[in-house]
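All letters in the sequence shown, in the order written, are residues 40 to 333 by the numbering used here.
Be aware that a few hints might be false.
Once the Cα atoms are required to be at most 30 Å apart in a straight line, the calculated DSSO-like pairs of lysine-lysine come out as [what the hints assert, rightly or not]:
| # | residue 1 | residue 2 |
| --- | --- | --- |
| 1 | K192 | K67 |
| 2 | K192 | K70 |
| 3 | K57 | K70 |
| 4 | K317 | K286 |
| 5 | K255 | K274 |
Bear in mind the hints are in silico, worked out from the structure with no lab data behind them.
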Amino acid sequence: MTKEWIPNIDLGQDYDSKYKDETVHFDKLGKLADFFGRDMPMHLHAEYCQIHLVQAGKTFFNIDQNTYETQGNALFFTPSSTPHAFWTEPNAPGFVLTMHASVLASITDRLQAFNNIFYLPIVIEERHTTQAAWRKIEQIFDLLKYEWIGQSKLHSEAIESILQLLIIHLLRLSGSQHPRYQNNQAEILSFRAFSRLVETHFVDERRITFYCDQLKINESRLNYICNKIADTSPKKIINGRVILEAKRLLSHTNMNLTEISYTLGFMDPSYFSRFFYKNTQSTPTEFRNEHRKD
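All chains should be modelled from the sequences, with the hints used to inform the complete structure.
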(Lines of atoms letter the chains of each structure in order from A and count residues from 1; the text may use other names and numbers.)
(Lines give C-alpha, C1' and ligand atoms only; values in the text may rest on other atoms or scores of the structure.)
Protein backbone atom coordinates (compact mmCIF):
# COMPACT_ATOMS: atom_id res chain seq x y z
CA MET A 1 0.00 0.00 0.00
CA THR A 2 1.61 3.26 -1.16
CA LYS A 3 1.04 6.25 1.06
CA GLU A 4 0.97 9.58 -0.77
CA TRP A 5 1.04 12.97 0.87
CA ILE A 6 1.04 16.65 0.10
CA PRO A 7 4.62 17.98 0.02
CA ASN A 8 5.77 19.92 3.08
CA ILE A 9 8.06 22.85 2.25
CA ASP A 10 10.39 24.07 4.98
CA LEU A 11 11.82 27.41 3.83
CA GLY A 12 14.79 27.05 6.18
CA GLN A 13 15.77 23.77 4.54
CA ASP A 14 14.39 24.00 1.01
CA TYR A 15 14.99 27.69 0.24
CA ASP A 16 17.31 29.61 2.58
CA SER A 17 19.39 27.64 5.09
CA LYS A 18 20.40 30.89 6.81
CA TYR A 19 16.96 30.87 8.45
CA LYS A 20 16.95 27.18 9.34
CA ASP A 21 16.21 27.74 13.03
CA GLU A 22 14.25 30.99 12.75
CA THR A 23 10.55 31.33 13.61
CA VAL A 24 9.95 34.25 11.19
CA HIS A 25 10.93 34.64 7.54
CA PHE A 26 10.21 37.62 5.28
CA ASP A 27 11.02 37.98 1.59
CA LYS A 28 9.90 39.50 -1.67
CA LEU A 29 7.28 37.53 -3.56
CA GLY A 30 9.46 37.73 -6.67
CA LYS A 31 12.44 36.04 -5.02
CA LEU A 32 10.35 33.10 -3.83
CA ALA A 33 8.61 32.94 -7.22
CA ASP A 34 11.98 32.82 -8.99
CA PHE A 35 12.93 29.84 -6.82
CA PHE A 36 9.65 27.90 -6.64
CA GLY A 37 7.79 29.28 -9.69
CA ARG A 38 4.82 31.58 -10.18
CA ASP A 39 2.53 28.57 -10.55
CA MET A 40 3.16 26.91 -7.19
CA PRO A 41 1.47 23.47 -6.95
CA MET A 42 -0.33 22.19 -3.87
CA HIS A 43 1.91 22.10 -0.79
CA LEU A 44 1.88 22.93 2.91
CA HIS A 45 4.14 24.33 5.62
CA ALA A 46 3.96 22.17 8.75
CA GLU A 47 3.75 24.33 11.89
CA TYR A 48 4.12 27.55 9.88
CA CYS A 49 1.46 30.00 8.73
CA GLN A 50 1.96 32.42 5.85
CA ILE A 51 0.74 35.83 4.74
CA HIS A 52 1.10 36.74 1.07
CA LEU A 53 0.72 40.36 0.01
CA VAL A 54 0.25 40.54 -3.78
CA GLN A 55 0.35 44.07 -5.15
CA ALA A 56 -0.67 43.74 -8.81
CA GLY A 57 -2.38 41.54 -11.35
CA LYS A 58 -4.61 38.51 -11.13
CA THR A 59 -4.02 35.88 -8.46
CA PHE A 60 -5.46 32.39 -8.02
CA PHE A 61 -5.28 31.04 -4.47
CA ASN A 62 -6.39 27.44 -3.92
CA ILE A 63 -6.67 26.31 -0.32
CA ASP A 64 -8.15 22.96 0.63
CA GLN A 65 -11.25 22.76 -1.59
CA ASN A 66 -11.72 26.51 -2.17
CA THR A 67 -10.32 28.63 -4.99
CA TYR A 68 -10.13 32.41 -4.74
CA GLU A 69 -9.53 34.63 -7.75
CA THR A 70 -8.48 38.21 -7.05
CA GLN A 71 -7.53 41.19 -9.18
CA GLY A 72 -5.07 43.82 -7.98
CA ASN A 73 -3.93 44.28 -4.39
CA ALA A 74 -4.81 41.34 -2.15
CA LEU A 75 -3.68 39.69 1.08
CA PHE A 76 -3.86 35.94 1.77
CA PHE A 77 -3.47 34.28 5.18
CA THR A 78 -2.75 30.52 5.19
CA PRO A 79 -3.01 28.66 8.54
CA SER A 80 -0.23 26.25 9.45
CA SER A 81 -0.26 22.73 7.96
CA THR A 82 -2.93 23.73 5.43
CA PRO A 83 -2.54 22.59 1.80
CA HIS A 84 -2.56 25.50 -0.63
CA ALA A 85 -1.45 26.47 -4.13
CA PHE A 86 -0.69 29.85 -5.70
CA TRP A 87 -0.60 31.36 -9.16
CA THR A 88 0.44 34.97 -9.69
CA GLU A 89 1.07 36.87 -12.89
CA PRO A 90 4.70 37.22 -14.08
CA ASN A 91 6.53 40.05 -12.30
CA ALA A 92 3.65 40.73 -9.87
CA PRO A 93 5.27 42.45 -6.86
CA GLY A 94 4.56 41.64 -3.24
CA PHE A 95 5.87 40.03 -0.07
CA VAL A 96 5.65 36.68 1.73
CA LEU A 97 5.67 36.51 5.53
CA THR A 98 6.18 33.08 7.10
CA MET A 99 5.93 32.60 10.86
CA HIS A 100 5.82 29.64 13.21
CA ALA A 101 2.39 28.92 14.67
CA SER A 102 3.83 29.52 18.14
CA VAL A 103 4.59 33.14 17.18
CA LEU A 104 0.96 33.71 16.20
CA ALA A 105 -0.25 31.96 19.36
CA SER A 106 2.05 34.08 21.52
CA ILE A 107 0.74 37.30 19.99
CA THR A 108 -2.94 36.39 20.28
CA ASP A 109 -2.40 35.20 23.86
CA ARG A 110 -0.70 38.46 24.76
CA LEU A 111 -3.54 40.43 23.21
CA GLN A 112 -6.10 38.18 24.93
CA ALA A 113 -7.44 37.97 21.43
CA PHE A 114 -7.79 34.28 20.71
CA ASN A 115 -9.92 33.98 17.63
CA ASN A 116 -10.63 30.94 15.50
CA ILE A 117 -10.37 33.04 12.33
CA PHE A 118 -6.70 32.03 12.37
CA TYR A 119 -7.67 28.40 11.91
CA LEU A 120 -9.19 29.40 8.56
CA PRO A 121 -7.82 31.05 5.43
CA ILE A 122 -8.28 34.81 5.12
CA VAL A 123 -8.52 36.67 1.81
CA ILE A 124 -8.66 40.47 1.85
CA GLU A 125 -8.89 42.48 -1.37
CA GLU A 126 -8.22 46.20 -1.54
CA ARG A 127 -11.43 46.75 -3.49
CA HIS A 128 -13.43 45.30 -0.58
CA THR A 129 -11.84 47.51 2.08
CA THR A 130 -11.54 51.23 2.65
CA GLN A 131 -8.57 53.09 1.24
CA ALA A 132 -7.38 53.86 4.77
CA ALA A 133 -7.59 50.21 5.85
CA TRP A 134 -5.61 48.99 2.86
CA ARG A 135 -3.02 51.75 3.27
CA LYS A 136 -2.50 50.53 6.85
CA ILE A 137 -1.66 47.05 5.53
CA GLU A 138 0.90 48.51 3.14
CA GLN A 139 2.42 50.68 5.88
CA ILE A 140 2.81 47.66 8.16
CA PHE A 141 4.56 45.70 5.42
CA ASP A 142 6.79 48.71 4.69
CA LEU A 143 7.77 48.78 8.37
CA LEU A 144 8.42 45.05 8.31
CA LYS A 145 10.59 45.35 5.21
CA TYR A 146 12.59 48.22 6.78
CA GLU A 147 13.26 46.30 9.99
CA TRP A 148 13.99 43.01 8.23
CA ILE A 149 16.61 44.55 5.96
CA GLY A 150 18.06 46.88 8.60
CA GLN A 151 19.01 44.31 11.27
CA SER A 152 19.28 47.23 13.70
CA LYS A 153 19.47 47.15 17.48
CA LEU A 154 16.47 45.38 19.07
CA HIS A 155 15.72 43.85 15.67
CA SER A 156 13.76 40.85 17.00
CA GLU A 157 11.71 43.00 19.36
CA ALA A 158 10.83 45.39 16.53
CA ILE A 159 9.79 42.53 14.23
CA GLU A 160 7.56 41.04 16.93
CA SER A 161 5.92 44.43 17.57
CA ILE A 162 5.19 44.87 13.86
CA LEU A 163 3.75 41.37 13.64
CA GLN A 164 1.49 42.18 16.60
CA LEU A 165 0.30 45.32 14.81
CA LEU A 166 -0.43 43.25 11.69
CA ILE A 167 -2.43 40.68 13.68
CA ILE A 168 -4.45 43.47 15.32
CA HIS A 169 -5.24 44.91 11.90
CA LEU A 170 -6.33 41.51 10.57
CA LEU A 171 -8.58 41.02 13.59
CA ARG A 172 -10.16 44.40 12.93
CA LEU A 173 -10.68 43.71 9.24
CA SER A 174 -12.22 40.33 10.06
CA GLY A 175 -14.91 42.09 12.05
CA SER A 176 -14.10 40.11 15.17
CA GLN A 177 -14.86 41.55 18.58
CA HIS A 178 -12.19 41.64 21.23
CA PRO A 179 -12.65 38.31 23.06
CA ARG A 180 -11.65 39.69 26.46
CA TYR A 181 -15.26 40.90 26.73
CA GLN A 182 -16.61 37.47 25.82
CA ASN A 183 -14.33 34.76 27.25
CA ASN A 184 -12.02 34.70 30.22
CA GLN A 185 -8.38 33.74 29.82
CA ALA A 186 -8.81 30.29 31.40
CA GLU A 187 -11.51 29.38 28.87
CA ILE A 188 -9.40 30.63 25.97
CA LEU A 189 -6.38 28.62 27.11
CA SER A 190 -8.50 25.49 27.63
CA PHE A 191 -10.00 25.79 24.16
CA ARG A 192 -6.57 26.33 22.63
CA ALA A 193 -5.22 23.27 24.46
CA PHE A 194 -8.18 21.21 23.26
CA SER A 195 -7.60 22.37 19.67
CA ARG A 196 -3.95 21.37 19.84
CA LEU A 197 -4.84 17.97 21.26
CA VAL A 198 -7.34 17.43 18.43
CA GLU A 199 -4.68 18.33 15.87
CA THR A 200 -2.35 15.74 17.39
CA HIS A 201 -4.80 12.93 18.12
CA PHE A 202 -7.79 13.22 15.75
CA VAL A 203 -6.73 10.08 13.87
CA ASP A 204 -6.33 7.80 16.86
CA GLU A 205 -8.65 9.36 19.47
CA ARG A 206 -12.23 10.50 18.97
CA ARG A 207 -13.50 9.86 22.50
CA ILE A 208 -14.45 13.02 24.38
CA THR A 209 -13.34 11.36 27.62
CA PHE A 210 -9.76 11.14 26.31
CA TYR A 211 -9.60 14.91 25.78
CA CYS A 212 -11.26 15.62 29.12
CA ASP A 213 -8.70 13.42 30.89
CA GLN A 214 -5.84 15.21 29.14
CA LEU A 215 -7.27 18.63 29.99
CA LYS A 216 -8.31 17.56 33.50
CA ILE A 217 -11.83 18.93 33.09
CA ASN A 218 -15.19 17.21 32.93
CA GLU A 219 -17.24 16.71 29.78
CA SER A 220 -19.89 19.31 30.60
CA ARG A 221 -17.16 21.92 31.12
CA LEU A 222 -15.53 21.10 27.77
CA ASN A 223 -18.93 21.29 26.06
CA TYR A 224 -19.56 24.67 27.66
CA ILE A 225 -16.18 26.08 26.57
CA CYS A 226 -16.45 24.84 22.98
CA ASN A 227 -19.99 26.10 22.54
CA LYS A 228 -19.15 29.46 24.08
CA ILE A 229 -15.99 30.12 22.05
CA ALA A 230 -16.58 28.20 18.82
CA ASP A 231 -20.37 27.83 18.85
CA THR A 232 -20.12 24.07 18.36
CA SER A 233 -19.60 20.89 20.36
CA PRO A 234 -16.29 19.09 21.01
CA LYS A 235 -17.55 16.08 19.04
CA LYS A 236 -18.26 18.21 15.99
CA ILE A 237 -14.82 19.79 16.23
CA ILE A 238 -13.14 16.36 16.27
CA ASN A 239 -15.32 15.00 13.46
CA GLY A 240 -14.80 18.18 11.49
CA ARG A 241 -11.02 17.76 11.68
CA VAL A 242 -11.31 14.17 10.44
CA ILE A 243 -13.55 15.26 7.57
CA LEU A 244 -11.16 18.06 6.62
CA GLU A 245 -8.27 15.58 6.40
CA ALA A 246 -10.41 13.19 4.38
CA LYS A 247 -11.27 15.96 1.92
CA ARG A 248 -7.59 16.83 1.55
CA LEU A 249 -6.67 13.23 0.81
CA LEU A 250 -9.53 12.81 -1.63
CA SER A 251 -8.70 16.05 -3.44
CA HIS A 252 -4.92 16.00 -3.52
CA THR A 253 -3.70 12.37 -3.52
CA ASN A 254 -4.26 9.18 -5.52
CA MET A 255 -4.87 7.09 -2.41
CA ASN A 256 -7.85 4.77 -2.81
CA LEU A 257 -10.71 4.73 -0.31
CA THR A 258 -9.30 1.78 1.62
CA GLU A 259 -5.94 3.53 2.03
CA ILE A 260 -7.63 6.76 3.12
CA SER A 261 -9.78 4.87 5.62
CA TYR A 262 -6.75 3.21 7.24
CA THR A 263 -4.77 6.47 7.22
CA LEU A 264 -7.57 8.17 9.16
CA GLY A 265 -7.91 5.35 11.68
CA PHE A 266 -10.97 3.56 10.22
CA MET A 267 -10.49 -0.20 10.07
CA ASP A 268 -13.67 -0.62 8.00
CA PRO A 269 -13.76 1.39 4.73
CA SER A 270 -17.55 1.08 4.57
CA TYR A 271 -17.81 2.72 8.00
CA PHE A 272 -15.56 5.54 6.79
CA SER A 273 -17.86 6.04 3.79
CA ARG A 274 -20.92 6.21 6.05
CA PHE A 275 -19.13 8.62 8.41
CA PHE A 276 -18.13 10.85 5.49
CA TYR A 277 -21.65 10.85 4.02
CA LYS A 278 -23.25 11.61 7.38
CA ASN A 279 -21.03 14.68 7.80
CA THR A 280 -21.02 15.97 4.21
CA GLN A 281 -24.16 14.56 2.53
CA SER A 282 -21.81 13.30 -0.19
CA THR A 283 -20.04 9.98 -0.70
CA PRO A 284 -16.23 10.02 -0.82
CA THR A 285 -16.30 9.08 -4.50
CA GLU A 286 -18.76 11.86 -5.33
CA PHE A 287 -16.63 14.35 -3.46
CA ARG A 288 -13.43 13.23 -5.22
CA ASN A 289 -15.03 13.42 -8.66
CA GLU A 290 -16.26 16.96 -7.95
CA HIS A 291 -13.15 18.38 -6.31
CA ARG A 292 -10.20 16.41 -7.65
CA LYS A 293 -7.48 18.69 -9.07
CA ASP A 294 -5.77 16.82 -11.92
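*Going through the earlier hints one by one, which of them does the structure break, listed in rising order?*
none
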